[in-house]
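With the hints as your guide, set chain B onto chain A.
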Amino acid sequence: MSTPTTIILFGFTHSSIEIARQLQSKNHAFMLVDSDVSLLEKAHALGFELMIVDYTDDEVLQKLGIGTHVAFIFTLFEEDAKNVFLTLSARSLDPQLHIVAMTHTKDAIHKLEIAGANTILDPYQISGKKIYKLITQPEVMSIIDATVFGYHNITIEQLMIHERSPLNGLMMNDIYPIEHYNLLLVGIHDKELQKQFIFITEGHNHKLDAGDILVVIGEKEEIERYKKEVIY
Amino acid sequence: MNYFATRIIQFAYFIDSSKRYQHLKESTRKVLEYPNSKWKFYFDLFMVFLVVGSVLFLLYEVKHPEENPYLDGFIQFSLVVFILEYLSRFWIYSDSHKIILDYYQQSLENHIHFSSLKALGKIVRKKMDYVLSPLAIIDLLAILPSYRPLRFLRIFLLFRIFKLFRYAKSMKTFAAIISEKKFELFTLATFASFIIFAGSSAIYIFETHQNPKINTLYDAIYWAIVTMGTVGYGDIVPVTHEGMAVAMVLIILGIATLAFLTSIIVSSFQTKIAELKDDRIFTDIEKLENYILICGYGRVGEVVAKMLHDDDYPVVIIDIDPEKIKLALQRNYLGIVGDASKSKLLIKLGTSSHVSKIICVTNSDEMNVFITLTARSLSPNIEIIARVVKKQNKKKYLLAGANFAFSVDETIGLMGREYIDQPISYAALDEMLTENIGVLCESITIHPHSLFVHKTLVDIKLHEKHLLLFGVARKEKEPIEGLTSYPIEEKTFYFNPPLEFKIHSGDNLIVMGKKHFIAHLRKLSDQRSSL
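Chains as they are written, first to last, in the numbering used here: chain A, 2 to 233; chain B, 3 to 533.
If you are wondering where the hints come from, they were derived from the structure by calculation, not from laboratory data.
Be careful, since some hints might not be right.
[Unchecked claim] Per the computed footprint, the stretches of chain A lying under chain B, defined by three or more beta-carbons under 8 Å from a beta-carbon of chain B, are:
#: 1; segment: 7-20
#: 2; segment: 41-55
#: 3; segment: 61-71
[Said to hold, decoys possible] Just so you have them, the derived chain B footprint on chain A, three or more residues with Cβ under 8 Å:
#: 4; segment: 23-33
#: 5; segment: 183-189
Quick caveat, the model's predicted, so the values are computed rather than measured.
Glycine included, C-beta positions come from ideal geometry on N, C-alpha and C.
Only chain A is shown next, with the shape it has when bound in the complex:
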C-alpha cells in the first residue's frame, strides 16, 4: 500500500458523487463506502470504486483507518439516522477526526452536533440561502461564484504563521493592508481564541503568534509568492 487514503465518503448519493468528482479534479485520494450492494453497478458505470462494508461495525471502521490515518470523513446518507449513528461511531473512535455530516431535517442538526460532527451540511439551508442571496445581492453571488468558486483564478486560502516567519510577533495593523502584493487579508483565526475568526476591519490590533492562521483572497500565483517571501 502506498499513501493510505485520508478521506472517506460514506454513502453513495448525489452529493457524494458530486464531492467525489470535485476531489478527483483536485487529485485528492478518497474512498467511497456504502453498505448497499445494489449500488455497485451504478458506481462502476460512473467510474467510481465503491467499497461495500457494514459501517455499523466499529471494527470495520477501524479497519478502514478511522482512528489511525483517516483525517476526514463525510457522512452523506439520505437517512439522518445513519448519518448520526456513523458520526457517533467515528467520533468515539477518533476525537481528532474531521467529520462533515449531511442532514436532511432540522431536528437532525442538533443531534449531529451532539454526536460530534465538525461541520454540518444542510442542503436545504444552503439552497435557501443561495436563493436569498441571488435575490438580494445578485452581483455578489455571480462574482463569488465566478471568482472564488473557481471559473477564474481567484481563491481563498489560509496561511499558517510558523515559528520562524517574519510575521511572528508583529501586530495586525503592521501587515494590513498588504502592500506590494495584490492580496486581500480577510481575517485571522487566532490559535489562542480557538476557532474564533477575527474579521480584519473590526479594528482589533491583534498580535500575531506562531500558529495563527491568516485568511487571504487573491490570485493563486500571488498567494504563492506571498507565502514564499513573507510567511516563511
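Showing chain B alone in chain A's frame:
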C-alpha cells in the same frame, strides 16, 4: 344629416377628447365602483353610517312625531347624498358619448343614415339596464318615500337597509351563497309550498264549521305555516280528530323541511368559506407591488421565505399541500393552496404585472420546469430562479427560460472540496455567505448623483469605515490595463483595485463588513453631492 345630429356628434367628440371630463368620471368610478380603491372603502363606510342613521331616525320618529331640527337636517342631508349617489351611478354606468361615436362610426362604414333618434334610443336602453338592476331599484325605493306626496310608501324607507348590500362585502357573499344553491332551494320551496297547500286545504275542509277560529282560507294557510315552521303559537288549534292528524303530519314534514334547508345553507357555507379565505388573501396580494412568488413551501421554501420576509421583501407562497399553506399562514406569510403550474392561477396572481421574481423550489424537477415554462410564457421580463433537484436536469431549466438554476449537489460538491483543501478559509467564506458572524458581502451601486462619483478609493477611506473592498464591477468591455480584472457576464470585475482607482457612476462596489457599516456606506453614497 340635420343640424341637430351634427351638433350631437360634435358634442360627443368634444366630450371624448376632454381630459377633465374623463378625469372626473374616472375619479367618480374610483369612489363608487373600483373594488380595491381606498376611496371606495371610505365612501362605503360613510354610506353605512348614513343608512343606519336614517333608519334609526325613522324608528325614533314612530314615537316622537314632533319636528326635530337636527334630525331633520340629518335626514335632508342623507337624502341629498342618496340622490347624488343615485345620479352618479346612473352617470358612470355607461359612456353615452362612446355609444354615439360607435354608432356614428358604424353608420359611416355601412353607409346608413345617422338617426339621432336611434342614437338616443341606444343610450336610453343602456341606461334603462341600470335603472332596472336590482340594486338601483333598491336605491330608488330608498329615496322616493321621502317625497311628501309619496309618504304612504314610508315603509319602503326600510329599503335603505337593503342598500347596505352595496357597501358590505359579506352581505354580497351571503347573497352569492343563496344564489349558488338556487336549484336546491327552489326544489325545497316547491316541496314546502305543496305541503302548505295540502295542509291548509285539509284543515280548511275539516274544521271550517267546527272551529270558530278558522273562517277563511287565509286563516288556514296561516295555521299551516305556523305549525309547519314548528312555531305553534297556539292561537288556532285543531279541534277535530282529522285536524289533529293533519297537524301531526304537518309538524313532522315541517321539521324535515327545516332540516333540509339548514343543511343546504350550512354545506354551502362550508364549501364557500375556504374560497372566501382565499379571496381575502387574493385581495391582499392584489395590493402588493413587485412581490416575490415562492412556489413550494418545503424546507428550501421555508428558508427563503423567512430570510426574505425578515428583510421586508413582499413574499407570496403557493403550495399544493393545504397543510403547508396552513403553516405558512400561521407564520404570517401570504399563502395560497394551488397548483403553481396552472397558468390560470399565475395570471390571477398578476404574474405579468405584480410579480417581480418567481422562485421554483418544489421537490420535483418536472414541477419546477413546468412552473418555469408557464411563468416565462406569461412574462418575458420576470426573473425566474429555480432549484434543480437532479443535476442532469439543469439544462432543461435554462431552456425553459429560468434566469438562474442551481443544483444544491453541485454547491455541496464545491463546498466539500473546499473543506478538504482549506477547512478554515472555507468556514470563513461560508460564514460570510451565510452571515453567521454578522459579516456580509454586499454590493453597493453608485448612482449618477452619488457623492463618490469621480472620487478615488483614497477619498472614500473604506478602512476607516471598517469595510473591506473585495472589488469593483463595472459595465465596461475594455478593462483598464495593469489591473487584475475578470469578465463576469456583461461586466468587468476588478479584484482589489489600487487606491488611486477612480469610481464611476454605475459601478458596483463589492464590500465586506458588518451590516451596519455597509448600511452606513450605502447611505453616504446615496447622498447627493453638494454642488
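Okay, the hints, checked on the actual structure:
{"no.": "1", "hint": "7-20", "result": "holds (count 6)"}
{"no.": "2", "hint": "41-55", "result": "violated (count 0)"}
{"no.": "3", "hint": "61-71", "result": "violated (count 0)"}
{"no.": "4", "hint": "23-33", "result": "holds (count 5)"}
{"no.": "5", "hint": "183-189", "result": "holds (count 5)"}
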